[in-house]
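Work out the full structure, taking the sequences as your base and the hints as a guide.
If you use our numbering, the sequence shown corresponds to residues 7 to 530, in order.
No lab work stands behind these hints: they were computed from the structure.
Since this is a predicted model, take the numbers as computed values, not measurements.
All C-beta atoms in this analysis are idealised placements derived from N, C-alpha and C, irrespective of residue type, glycine included.
Watch out, some of these pointers could steer you wrong.
Label-pair ranges, simulated between beta-carbon atoms [claimed, not checked]:
(1) R206 / W243: 19 to 27 Å
(2) T257 / E315: 29 to 37 Å
(3) L462 / S437: 54 to 62 Å
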Amino acid sequence: MFDFLKRGRLIRRGLASRKMRRRRRARSELMRNLENATYVRVFLLALFAAGLAFLVFSGQQPEPTKNYVIALLVLATAITQLWINQPKSFYQNSRLLLVFGVILAQLAVTKLLLVICNSGDYRFLKPEMAGLITPYAFAPLVLSVLLGRQHGLYAAFFVSLWSSMLFGPIDAPLLLTSLISGFTAVSLTLQVRRRSKLIRAGLYVGLAIWLLSLTFGLIGPINWFYPTANDWGMLGWQSALAIGNGVLTATLVGGALPMLENLFRITTDISWLEASDLNHPLLRRMTIEAPGTYHHSLVVANLAEAAAEAVDANATLCRVCSYFHDVGKLVKPEYFTENMSFERNPHDELAPTMSALIIIAHVKEGVDLALKHRLNQRIIDIIQEHHGTSLVRYFYQRAVQQHEDARAGGKIMKLREDDIPEVHEESFRYSGPKPQTKESAIVSLADTIESASRSLEKPTPQKIEALVNELIDERISDRQLDECDLTLGELKVSRFYRCCILESLIQRQGTDRQCRATKSCAQT
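This is the structure we're talking about:
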């Protein structure tokens with residue numbers, strides 16, 4: 007009953023096409039309010055301050071009040087820095103919870119390990135070894151992979167300050183070890199696309215901790231002049247703890263990432279790369295039922311990826327979303343140009359209005375298929391937005407021409423103009439919304455450019471450049487890019503890259519056709 011009512015609401019809003027049942031629930035109004043509510047933000051920061059107080063005051067620690075006052079001053083600095091440099095994370099409560107929650111988790115684990123080492127209950131964990139097993143890179147790794155480099159550096163800096171306070175008076179060697187380990191973790195996880203790279207980063211972090219521990223005397227003591235006097239067994243154990251620290255931290259981060267991605271609705275490049283598998287059921291259907299659309303999607307993916315890399319957008323996201331942006335054409339593939347046979351055009355038998363309805367419907371059909379197959383929300387958004395509210399120009403012009411012909415014929419037959427139905431431009435426009443993100447705009451432009459490029463006869467670099475410029479200018483004048491954060495400067499850069507990629511693709515297709523022709527001649 008509730009599913010039926012919900013589906014009816016979606017249909018009225020234009021978000022369902024009455025065919026496939028939607029399984030993903032929209033976020034409630036309450037959740038959207040909580041996401042941006044000021045009182046929730048204050049509560050989260052107060053909760054972090056309370057957790058920090060518990061960690062500082064618990065256990066036998068010299069001058070806990072002084073350390074807590076310093077910790078609060080550092081917290082005020084951290085909040086101010088996040089508010090100024092990362093306003094999106096500051097005002098989005100889920101991001102704020104992620105940032106300070108991960109930092110608090112690292113501090114809690116650090117405190118627990120410190121208590122265990124100081125308790126003396128474990129023979130192989132002495133108080134001086136606490137600095138070797140502290141997970142310095144946990145928060146920097148998590149936030150760097152999930153939210154980007156700036157958040158990783160932010161975590162590395164502030165978690166190092168708070169961690170050093172848990173050890174008592176601020177210890178310079180421990181502080182430097184934590185800072186350098188965190189910065190190393192962030193630098194090694196820039197645009198990480200494979201989970202194996204996380205383990206490699208963890209190994210390097212472990213080596214950094216080991217070298218820094220040797221430098222600052224956390225491992226040892228070592229008698230360099232009388233090697234036989236050293237306890238090599240203990241030195242080996244301490245070295246294993248330092249190196250294993252980094253590897254174990256990276257392993258835990260790799261295991262926690264899927265849960266954090268699902269919980270906070272964030273998709274990393276690792277997950278995007280995993281989603282780019284061309285063996286997905288929808289893509290396999292496309293190769294059989296709509297091969298022209300499949301090839302079109304691959305070319306759009308190449309164009310979008312090149313443009314995204316040029317303007318520092320998420321290139322992997324653009325590639326994956328390009329694969330799926332036209333899945334709605336699977337419902338009626340024969341009505342789209344790239345899948346038509348040369349003998350028959352089904353639109354010749356339809357009125358322009360009906361043809362436009364079929365073309366426009368592929369967006370809603372695509373959303374239904376994406377929801378049925380539980381695709382990522384960003385993919386669904388780009389399916390909805392890649393045409394914006396643009397005009398299906400060919401069928402609109404055809405309808406206008408038929409209307410003018412009908413009026414001319416009506417005058418001859420002395421018909422009233424009121425008897426001839428008007429052509430409304432709104433009936434030939436997609437329902438939107440317009441592209442909301444940089445990546446959505448890039449896929450939208452790549453789709454338009456690739457579709458139009460197929461009509462070029464004897465393409466040259468000059469023709470390709472003119473086509474790209476004309477199509478982008480047309481989108482700008484139609485105000486299709488008003489709601490995304492793609493700047494004119496970035497559009498200029500992306501034009502150049504699209505021209506280069508499109509030219510190379512067209513040349514390659516021409517070469518392939520020549521090769522096939524040569525082979526067929528040789529066989530005959």
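Range first: 19 to 27 Å. Now tell me if the beta carbons of R206 and W243 are that far apart. holds (24 Å)
Does the Cβ-Cβ separation between T257 and E315 fall within 29 to 37 Å? About 30 Å separates the Cβ atoms of T257 and E315, which means 29 to 37 Å holds.
Is 54 to 62 Å respected by the C-beta to C-beta distance linking L462 and S437? violated (30 Å)
The structure fails to meet hint 3 from the earlier list, while all remaining hints are met.
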